[in-house]
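J.: Following the UniProt record's numbering, the numbering of the sequence shown begins with 1 at its first residue and continues without gaps.
Be aware that a few hints might be false.
Unchecked claim - Straight-line alpha carbon distances no greater than 25 Å define the calculated DMTMM-like cross-link-like pairs of lysine to aspartate or glutamate that follow:
(1) 517 x 586
(2) 196 x 255
(3) 196 x 270
(4) 150 x 201
(5) 196 x 114
(6) 150 x 65
(7) 150 x 124
(8) 150 x 214
(9) 196 x 214
(10) 196 x 239
(11) 150 x 69
(12) 517 x 624
(13) 517 x 427
(14) 196 x 131
(15) 517 x 471
(16) 196 x 145
(17) 196 x 124
(18) 150 x 200
(19) 517 x 574
(20) 196 x 118
(21) 150 x 63
(22) 517 x 533
(23) 150 x 181
(24) 196 x 181
(25) 196 x 246
Claimed, not checked - DEER-style ranges, computed between Cβ atoms:
(26) 352 x 17: 52 to 58 Å
(27) 616 x 380: 16 to 22 Å
(28) 225 x 323: 40 to 46 Å
(29) 438 x 76: 57 to 63 Å
(30) 379 x 685: 38 to 44 Å
(31) 620 x 441: 57 to 63 Å
(32) 58 x 515: 24 to 30 Å
(33) 115 x 250: 24 to 30 Å
(34) 625 x 600: 50 to 56 Å
(35) 29 x 58: 24 to 30 Å
(36) 709 x 616: 26 to 32 Å
(37) 194 x 154: 23 to 29 Å
(38) 520 x 589: 29 to 35 Å
Worth flagging that the hints you see were computed from the coordinates, not collected in a lab.
Note that the Cβ used here is the ideal one computed from N, Cα and C, for glycine as well.
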Amino acid sequence: MSAVLAAFREAYANALRSHLDSPGQNTLAEGYELGRRALVEGVSILDLTEHHFRLLDREDILDTEAALEFLLQTLAALDVATRGFLDSTRSYELQRLRAEDLADRDAFRAALVESLQDGFFVADARGAITEVNSAFGALTGYGPDGVPYKLPHPWALPKSGQYPDLGTEAARFVLPIRHRDGRQLWLAVSTSSVVKPEDEERVYVGTIRDVTSEHDAQARDQAVSRLATAVGAATSVAEVLSVGLEELRRAIGAETAVVSVWPNRQGPPDLYVSGPVSGSMNGSGPTSVESEAVSRQVLDARARALLDRVRTRPGRAVFAIPEGTASSEGLVAPLGEAADAALWMRFATPRVVSAADRALFSLLVGHLSLAVQRARNFDQARATSLTLQRAMLGPIELPPGFSVHYEPALPPLEIGGDWYDVVRLRDGLIGVVVGDCVGRGLSAAVVMGQLRTAARALLLRGAGPAQLLAELDTVAARIPGAMCTTVCAAILDPAHGLVRYSSAGHMPPVLAEPNTKGQLLEGGRAVPLATFDPPSRPEATTTLEPGSTLVLFTDGLVEQRGIDIDTRFDELADELSDAAPYLPREVADAVLSRLRPAGGYDDDVAMVVYRQPPGALHVDVPAEPQRLAGMRRALTAWLTTAAVPHELAADLVAAANEACSNSIEHAYLDGSSGRVELTATSTIDQVVIDVSDAGVWRPQPEDPGHRGRGIAMMRALSDELTIDNVGVGTRVRMVAQLPAVSVTPAGRV
Numbered sequence: 001m002s003a004v005l006a007a008f009r010e011a012y013a014n015a016l017r018s019h020l021d022s023p024g025q026n027t028l029a030e031g032y033e034l035g036r037r038a039l040v041e042g043v044s045i046l047d048l049t050e051h052h053f054r055l056l057d058r059e060d061i062l063d064t065e066a067a068l069e070f071l072l073q074t075l076a077a078l079d080v081a082t083r084g085f086l087d088s089t090r091s092y093e094l095q096r097l098r099a100e101d102l103a104d105r106d107a108f109r110a111a112l113v114e115s116l117q118d119g120f121f122v123a124d125a126r127g128a129i130t131e132v133n134s135a136f137g138a139l140t141g142y143g144p145d146g147v148p149y150k151l152p153h154p155w156a157l158p159k160s161g162q163y164p165d166l167g168t169e170a171a172r173f174v175l176p177i178r179h180r181d182g183r184q185l186w187l188a189v190s191t192s193s194v195v196k197p198e199d200e201e202r203v204y205v206g207t208i209r210d211v212t213s214e215h216d217a218q219a220r221d222q223a224v225s226r227l228a229t230a231v232g233a234a235t236s237v238a239e240v241l242s243v244g245l246e247e248l249r250r251a252i253g254a255e256t257a258v259v260s261v262w263p264n265r266q267g268p269p270d271l272y273v274s275g276p277v278s279g280s281m282n283g284s285g286p287t288s289v290e291s292e293a294v295s296r297q298v299l300d301a302r303a304r305a306l307l308d309r310v311r312t313r314p315g316r317a318v319f320a321i322p323e324g325t326a327s328s329e330g331l332v333a334p335l336g337e338a339a340d341a342a343l344w345m346r347f348a349t350p351r352v353v354s355a356a357d358r359a360l361f362s363l364l365v366g367h368l369s370l371a372v373q374r375a376r377n378f379d380q381a382r383a384t385s386l387t388l389q390r391a392m393l394g395p396i397e398l399p400p401g402f403s404v405h406y407e408p409a410l411p412p413l414e415i416g417g418d419w420y421d422v423v424r425l426r427d428g429l430i431g432v433v434v435g436d437c438v439g440r441g442l443s444a445a446v447v448m449g450q451l452r453t454a455a456r457a458l459l460l461r462g463a464g465p466a467q468l469l470a471e472l473d474t475v476a477a478r479i480p481g482a483m484c485t486t487v488c489a490a491i492l493d494p495a496h497g498l499v500r501y502s503s504a505g506h507m508p509p510v511l512a513e514p515n516t517k518g519q520l521l522e523g524g525r526a527v528p529l530a531t532f533d534p535p536s537r538p539e540a541t542t543t544l545e546p547g548s549t550l551v552l553f554t555d556g557l558v559e560q561r562g563i564d565i566d567t568r569f570d571e572l573a574d575e576l577s578d579a580a581p582y583l584p585r586e587v588a589d590a591v592l593s594r595l596r597p598a599g600g601y602d603d604d605v606a607m608v609v610y611r612q613p614p615g616a617l618h619v620d621v622p623a624e625p626q627r628l629a630g631m632r633r634a635l636t637a638w639l640t641t642a643a644v645p646h647e648l649a650a651d652l653v654a655a656a657n658e659a660c661s662n663s664i665e666h667a668y669l670d671g672s673s674g675r676v677e678l679t680a681t682s683t684i685d686q687v688v689i690d691v692s693d694a695g696v697w698r699p700q701p702e703d704p705g706h707r708g709r710g711i712a713m714m715r716a717l718s719d720e721l722t723i724d725n726v727g728v729g730t731r732v733r734m735v736a737q738l739p740a741v742s743v744t745p746a747g748r749v
C-alpha cells in the first residue's frame, strides 16, 4: 500500500468518526473534501468503499445510516469526476448495439470517439500516444494531426517527475502539463489496458479531464496550511518573517519578498528579505544581490516611499504595481493593523494578476499578520521576563567549580518561584542558597526576588546557615505569599573541605565522593519559612572529601506524579556515583537527562552543582619517552575532576607534556638513568603543575634554530611560569588561574 493511500485512509477514518460522534453539515462537508482529495491523489471508488465497510466491521459501528450518508457525500465528488466517462461508456454500448448492421465499424468508432466530451487517447506499451480525439487537442494543444507523441510527451513538464506507468502504478492519477500556449494545467487521467485480439498487443485507452480549478482550490488550502504550520512554532518576529516569507514567496510564485517594519513608526525601517533582492522596484535594471532568508538591505527612495504609503492602507488590502497596467511586476499590501509594516512581492517577470491571485495573497497576508502580532506579544513578554530574571534570579558569574541550571515550569516566561544564589564571602568561603516559593509564574517570582535579595544581604553580613534561615523567617512573615517557602542554605569552605548547612523544609542536598554513590545530607532540618516560630534553627557540618560533588536542588527535579520520591532520590544518588570524571556542567546535564520525565518537568527546577578540589596528583616515572602518554592521560583525568574547562585543560596538558619532554631529552644526556616527577595541586581558583627531575640543567642556546621553543610555549599556555635550576635537578612550575563560570540570562551554564 502506498504512503498516499495510507494517509488518505487514516484521514477518512478520522473524519468518519467525527461525523458519527456529531453528525452535521460541517462533517459532511469534510466528506466531500475527502472525495475531492481522492480525485487528486488517485484513490479509486473501490478502495474507498472497501475501506469504509472494513471500518464498520472493525469498529463495530451501529449507526450505519449516518455512516452511509457520509460515504455517499464522499462519493459525490468522485461521481462528478467519473460520470462523464461512465456516460460515454453507456453511450458506446448503446451505439454498438445499434451499429451491428453497419458495415463500417471503424467509421462509427471514430465518430463515437470524437463525440466524447472528455479527451480520449490510446497509448502503446511503450507509452507513446498513438491516437487522440479533438477534445484531447483542445485540452493540451496537441491534436490528432501530431500523433504519434512519443515519450517524453511534448506537454510534459520538465520537473513534474516520472510519468506514471499506465499498466502498473495507477489506473487514475492527476498530472500537471504545459499547454501548447504556455499555460500550466492539471489533468485527471483515467486509463485501462486492452489486449488487441488480432495480434495480442497490449494497448492502453484512457480519458483526460481538466481539473485545474479543483487543484488550484486545493493548492490554496494547502498554501494556507503550510504557512500556518511554518509560522506556528516561530517565537519572534524575525523567525516568523524568515519562514513565513519563504512560504509566501513559494505560494504566490514570486521571486522576492520584502517586509519593511518601522519599529518606532519614524526613521529608517528594518527590512526582512527572502530571495534575490534588487535596489529598486521600478524595473530599471538595478544590480541584484543574493540575500539570506532574513537580512537587511537598503531600497531606493521610490521603493521606500511606496512601502511607507502602503502601510497606512486598510488591513488586507492588496495592490498590484505598477497600478493601472495589464501586467504587474509585483504585489504590495499592509502587514498587520498597526500601520508600521508593509509587504512587497516581486515577480521574476511581469504577469497578469487574477482575482484568484489577489484572494490567495490577501488570505496569506492575513495569516502572516496574525503570526507577526503573536510574535510581537511573545517578544514583549519574553523581554519583560528576561529583564526580571536578570535582576532577580542570581549572579551571572559563578566561582570556578560550579554549575547551575534553572528551568521554569511555565514557558515562555522563563521565570518562576525557584531560585539559587552563589556568593563569595570572606576568608575564601562561599555561600550557596537554593529556595522554592509556593506557586508558579510571575506572582511566585515576585516573592522569590525579595527573598533572594534578603538572603544575599544576610550572607554578605556574615550570617551562618542557621542564622540566615532564622532571620528569613521574619522577612518571609512580612511578604505576602512567602509563607511555606522552603530554603537550603550552605557555607562551603573549600580550603578545609567542610560544608555547613541548614534546611527550612527543603530537599536535602546530595553529596557524592569519587566512585561512591551519593548520600543525602539530612541534618539541620526544620520547618519551612514563616510557618511556626521555632526556638532556633538547626545546623549541620559535613566533610567534603577531595573531588567530591555536592548538588543542591529544588523539589521539581525529583518529584514526579506516580513515582515514590525515594526512588527518584536513589536515581539521583546513583547518577552522581560516576560524577568525578566529568565537569560540573556535564554532571548537571546528566542528572537532568536521567531524571527528566517523558513529558518534561511540570514544576520549576533550580539546581547548583559544586565540585570540591581534588587531592594532589603525583606521577613519578622513568625518564623515557614512552611514559609520556600515560602521564598525559593521568593529568587530563585529574584536571577534569578539578573542574578545569576542557580547553584550558588541553593547554595545561600540552605545557606539562613539553616540560616532561625537556627533562627526558636534555636532563640525562650523560647516560645516567633518571626519573621525571609531575605534581598537580588545585584550589578553588587555580591549578599548579610542577615538573621536576634530578638531571643537569642545560641553558637554552642563543640561536635555538627551529627547535627550543618549549619554554615560550609553556609561558604562553600558563598564567605564570617559574623555572628553578638551583642545586641538583630542575623544577618547572606552571600556574593557571581558573576562569569564572559564565551564566546565560536564562540561568543555565
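J.: Each hint: holds or not?
T.: Results for each hint:
A hinted pair counts as satisfied when its Cα atoms are at most 25 Å apart, and residue 517 with residue 586 qualifies at roughly 17 Å. For the given pair, residue 196 sits about 51 Å from residue 255 by alpha-carbon distance, which is inconsistent with the 25 Å threshold. Between residue 196 and residue 270 the CA atoms are separated by roughly 69 Å; this puts the pair beyond 25 Å, and the hint is violated. For the hint linking residue 150 to residue 201, the alpha-carbon distance of about 18 Å falls within 25 Å, and the restraint holds.
Using a Cα cut-off of 25 Å, the hinted pair residue 196 and residue 114 holds, with the two alpha carbons roughly 21 Å apart. A hinted pair counts as satisfied when its Cα atoms are at most 25 Å apart, and residue 150 with residue 65 does not qualify at roughly 50 Å. A distance of roughly 10 Å separates the Cα atoms of residue 150 and residue 124; the hinted pair therefore holds under the 25 Å criterion. Distance restraint check for residue 150 and residue 214: the Cα-Cα separation of roughly 29 Å exceeds the 25 Å cut-off, and the hinted pair is therefore not satisfied.
This hinted pair does not check out: residue 196 and residue 214 have alpha carbons roughly 36 Å apart, beyond 25 Å. Using a Cα cut-off of 25 Å, the hinted pair residue 196 and residue 239 is violated, with the two alpha carbons roughly 61 Å apart. For the hint linking residue 150 to residue 69, the alpha-carbon distance of about 45 Å lies beyond 25 Å, and the restraint is violated. With a C-alpha separation of about 38 Å, the suggested pairing of residue 517 with residue 624 is violated against the 25 Å cut-off.
With a C-alpha separation of about 31 Å, the suggested pair residue 517 and residue 427 falls outside the 25 Å cut-off, and the hint is violated. Proximity of residue 196 to residue 131 is assessed by CA-CA distance (about 15 Å); at most 25 Å being required, the pair is judged to hold. With a CA separation close to 35 Å, the supplied pair residue 517 and residue 471 exceeds the 25 Å bound. For the hint linking residue 196 to residue 145, the alpha-carbon distance of about 24 Å falls within 25 Å, and the restraint holds.
With a CA separation close to 11 Å, the supplied pair residue 196 and residue 124 stays within the 25 Å bound. The suggested pairing of residue 150 with residue 200 holds, with an alpha-carbon distance near 21 Å, which does not exceed 25 Å. Our distance criterion of 25 Å between C-alpha atoms is met by residue 517 and residue 574, whose separation comes to about 5 Å. Under the criterion of a C-alpha separation no larger than 25 Å, the hint pairing residue 196 with residue 118 is consistent with the structure, at around 23 Å.
Between residue 150 and residue 63, the direct Cα distance comes to roughly 52 Å. Violation of the 25 Å bound is thereby established for this hinted pair. Proximity of residue 517 to residue 533 is assessed by CA-CA distance (about 36 Å); at most 25 Å being required, the pair is judged violated. Between residue 150 and residue 181 the CA atoms are separated by roughly 20 Å; this keeps the pair inside 25 Å, and the hint holds. Taking the CA atoms of residue 196 and residue 181, the gap is near 35 Å; set against the 25 Å cutoff, the hint is violated.
Between residue 196 and residue 246 the CA atoms are separated by roughly 52 Å; this puts the pair beyond 25 Å, and the hint is violated. For the hinted restraint 52 to 58 Å between residue 352 and residue 17, the CB-CB distance of approximately 44 Å leaves it violated. For residue 616 and residue 380, the Cβ-Cβ distance of about 54 Å falls outside the hinted range of 16 to 22 Å, so the restraint is violated. Take residue 225 and residue 323: their Cβ atoms lie about 31 Å apart, and the range 40 to 46 Å is violated.
Here the CB-CB span from residue 438 to residue 76 is close to 59 Å, well matched to the stated 57 to 63 Å. Roughly 39 Å separates the CB atoms of residue 379 and residue 685, a value that falls within the hinted 38 to 44 Å. At about 59 Å, the CB distance of residue 620 to residue 441 agrees with the hint of 57 to 63 Å. The supplied range of 24 to 30 Å is broken by residue 58 and residue 515, whose beta-carbon atoms lie about 57 Å from each other.
At roughly 42 Å, the beta-carbon separation of residue 115 and residue 250 lies outside the given 24 to 30 Å, and the hint is violated. Take residue 625 and residue 600: their Cβ atoms lie about 52 Å apart, and the range 50 to 56 Å holds. The hinted range of 24 to 30 Å is satisfied by residue 29 and residue 58, whose Cβ atoms lie roughly 25 Å apart. Distance hint check: the CB atoms of residue 709 and residue 616 are about 29 Å apart, consistent with the given range 26 to 32 Å.
Look at residue 194 against residue 154: about 25 Å separates their beta carbons, and that is inside 23 to 29 Å. Between residue 520 and residue 589 the C-beta distance comes to about 22 Å, which lies outside the given range of 29 to 35 Å.
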